[in-house]
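Colleague: Given chain A, work out where chain B should sit, using these hints.
Respectively, the protein sequence lines represent chains A and B.
For the first sequence, the UniProt record's numbering assigns the number 1 to the initial residue and increments by one for each residue that follows.
For the second sequence, the UniProt record's numbering assigns the number 1 to the initial residue and increments by one for each residue that follows.
Hints listed in this document are in silico derivations from the structure and should not be mistaken for laboratory results.
Just so you know, not all the hints are guaranteed correct.
Identical copies carry no separate label here, and so any pair may be met within one copy or between two of them.
[Stated by the list, open to error] Capping the alpha-carbon separation at 27 Å, the derived lysine-lysine pairs in BS3-like fashion look like this:
{"id": "1", "residue 1": "44", "residue 2": "20"}
{"id": "2", "residue 1": "105", "residue 2": "44"}
{"id": "3", "residue 1": "44", "residue 2": "328"}
{"id": "4", "residue 1": "105", "residue 2": "328"}
{"id": "5", "residue 1": "104", "residue 2": "328"}
{"id": "6", "residue 1": "20", "residue 2": "105"}
{"id": "7", "residue 1": "20", "residue 2": "104"}
2 protein chains.
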Amino acid sequence: MSRAWNFSAGPAALPEAVLKRAQAEMLDWNGTGASVMELSHRGKPFMQLAAAAEQRLRQLLAIPSNYKVLFLQGGATQHFAQIPMNLAPEGGSADYIVTGVFSKKAVSEAAFHVDARVAATSEATDFLTLPPRAGWQLNPEASYVHYTPNETIRGLEFHEIPDVGEVPLVADMSSNILGAPLDVSRFGLIYAGAQKNIGPSGLVLMIVRDDLLARPPRSIARILRYAEQAANDSMLNTPNTWGWYVAGLTFEWIEGQGGLAAMGERNARKSAMVYDAIDGSDGFYRNDVERAARSRMNVSFVLHDSALDSVFLAESEAAGFIGLKGHKAVGGMRASLYNAVSQPAVEALVQFMRDFAARHG
Amino acid sequence: MSRAWNFSAGPAALPEAVLKRAQAEMLDWNGTGASVMELSHRGKPFMQLAAAAEQRLRQLLAIPSNYKVLFLQGGATQHFAQIPMNLAPEGGSADYIVTGVFSKKAVSEAAFHVDARVAATSEATDFLTLPPRAGWQLNPEASYVHYTPNETIRGLEFHEIPDVGEVPLVADMSSNILGAPLDVSRFGLIYAGAQKNIGPSGLVLMIVRDDLLARPPRSIARILRYAEQAANDSMLNTPNTWGWYVAGLTFEWIEGQGGLAAMGERNARKSAMVYDAIDGSDGFYRNDVERAARSRMNVSFVLHDSALDSVFLAESEAAGFIGLKGHKAVGGMRASLYNAVSQPAVEALVQFMRDFAARHG
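Next up, chain A with everything else stripped away, as it sits in the complex (with noise of 0.2 Å):
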């Protein structure tokens, strides 16, 4: 067995220590004579383990007592839709602030739940820069605000959390949760996609400050309430439960690793190196975002002649690197450098980097 150099942007690596402990695990899990996939949810080995990758996620993020986990399920785009009708009531107004394709994407799906406005966007630089912070029409009126701290498709990245004043900041943080550490009171509401940092994808995470689940709840199934979920710790029906494992895994992992503050400053130091690989390429490859915004979570580059792109992919496939392809909607390339993607790794493709400019320059 040969494990691949993965820098995918999601589903993406994941550690491979909780790869082979859910594995040593499969048939038979803490000793229960069963996968943890075959057992009730309901039962008291998993609502062990439930409770406990709660509290672990709850130490990572230092989560003040005011607010609620819940492992969901429908990815983030089904909460694009179903955060509005959560949060704001019938005829009410969001504001957001759009930054990327997610983030756009967030706004066409709330649009038909919600009055999406868009209070800041920087479409008009293609997305490779962050609107000002003084630019925003925010709505003091707005049920609240919503904006993606890291937009994967560029590689754009907020390295502050923007100061919205009283309205609820709500954020997509599927792509750069746990990947340093975070001040969660700051937030009213903070959802993510597991698929890039926390586990395999059809789980979502969210954190939701009490305050906004006391809201008057709109004609809308019990299932689709975030109110419901948390005053049934996620069960009103059946989770996830092979994704919660997994999840709970990964946070034994982080927390061995050091924690938040360790994941944030290797997440620094590896996103450095590939930065300084293209920066220092005399223009071999190149990246087109605003510095300030660059993102620690996914590195994306362009080679200087389109034509070697084909020849790159090919290349670093055959060299063992998987996951190096730019999203469709830009081309080039993106290494997405999550907590699981190793310094050796990173390594790996910095020389890798290197080596092709070397033979093609």
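Modeller: For chain B alone, coordinates are given in the frame of chain A:
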């Protein structure tokens, strides 16, 4: 490692061969150098897996070409709400046949999104019987008729597909899909949470006729529309890739066992063994469900003296059985006999039941 005799109602036993395969492939699936959880759903390897799983399912169930197969999320409960949003117009009406806790829950969730009329119910018998077809008060103008072919809690199963005329029949088959051959052409829409007869929780399989997808969409987010998911091969956003993978392995396993005819015979034999043990116990065990509606998937039984319940559970657990406790709504015991529950497991259970009765009778 010792494997338990697993009779859980769901999440439930998976075929050991499927678990072993998933275990072997955990760090390197299909020569990719990555777990299937670590790969893009849009990459060629996963796309092939996804298409092959669908193809296998189509063959197993002989699904006609005018039906789409979807791999969704949210559990059956979410689709209690989503089905009316998709199949009925705003202000429309649908008929529900209520035969247990789950069909009742289907009504209460749907009621937020459609006029959910109870066209027949067996609640008066505490769901120990099926309401005779002749008494159903069907509305010919209904957008669909919804029923639950197998109710897991009592263990109550329709052994014939009811004739509801021209109105599309919608079935929540979470607990009996793939348990026997099925004439898909009799249905408008079939859906099933995976965690009983298909794979891990967090995946919903849906089989839906083209003309239902062509009904005019309500003003709901695209991600909630089945027609959009169908048009995007269930990849409007990232699907539950692990669930899809395990489902594919299960379909392959069923095929290797001889397909649905073999499954149906095996399940009939397994359930007959447990019912025989109950009926032949001289009243020590009792099953109160109407004979003709006894489920082949979930066999519920009570002990003649409920003071023995905790003894039965403790002794069965010590003997290596799990999941035999009945649902809290009805108490007693329940043995779920899904496809992955082997003949030897059922033999062990029946032997244990006889021994227990001899010891405590």
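Colleague: One pair to classify: residue 105 and residue 328, alpha carbons no more than 27 Å apart. Within, between, both, or neither?
Modeller: within (16 Å within a copy, 42 Å between copies)
Colleague: With identical chains treated as interchangeable, where does the CA-CA distance between residue 20 and residue 105 reach 27 Å or less: within a copy, between copies, both, or neither?
Modeller: Classified as neither; 36 Å inside a copy, 39 Å across copies.
Colleague: How would you classify residue 104 and residue 328 at a CA-CA limit of 27 Å: within, between, both, or neither?
Modeller: within (16 Å within a copy, 45 Å between copies)
Colleague: Cα distance capped at 27 Å. Does residue 105 pair with residue 44 within a copy, between copies, both, or neither?
Modeller: between (40 Å within a copy, 24 Å between copies)
Colleague: State whether the alpha carbon distance between residue 20 and residue 104 is at most 27 Å within one copy, between copies, both, or neither.
Modeller: neither (38 Å within a copy, 42 Å between copies)
Colleague: One pair to classify: residue 44 and residue 328, alpha carbons no more than 27 Å apart. Within, between, both, or neither?
Modeller: Between. Shortest inter-copy distance 14 Å satisfies the 27 Å Cα cut-off; intra-copy 45 Å does not.
Colleague: 27 Å Cα cut-off: does residue 44 pair with residue 20 within a copy, between copies, both or neither?
Modeller: both (24 Å within a copy, 25 Å between copies)
This entry does not satisfy hints 6 and 7, going by the numbered hints stated previously.
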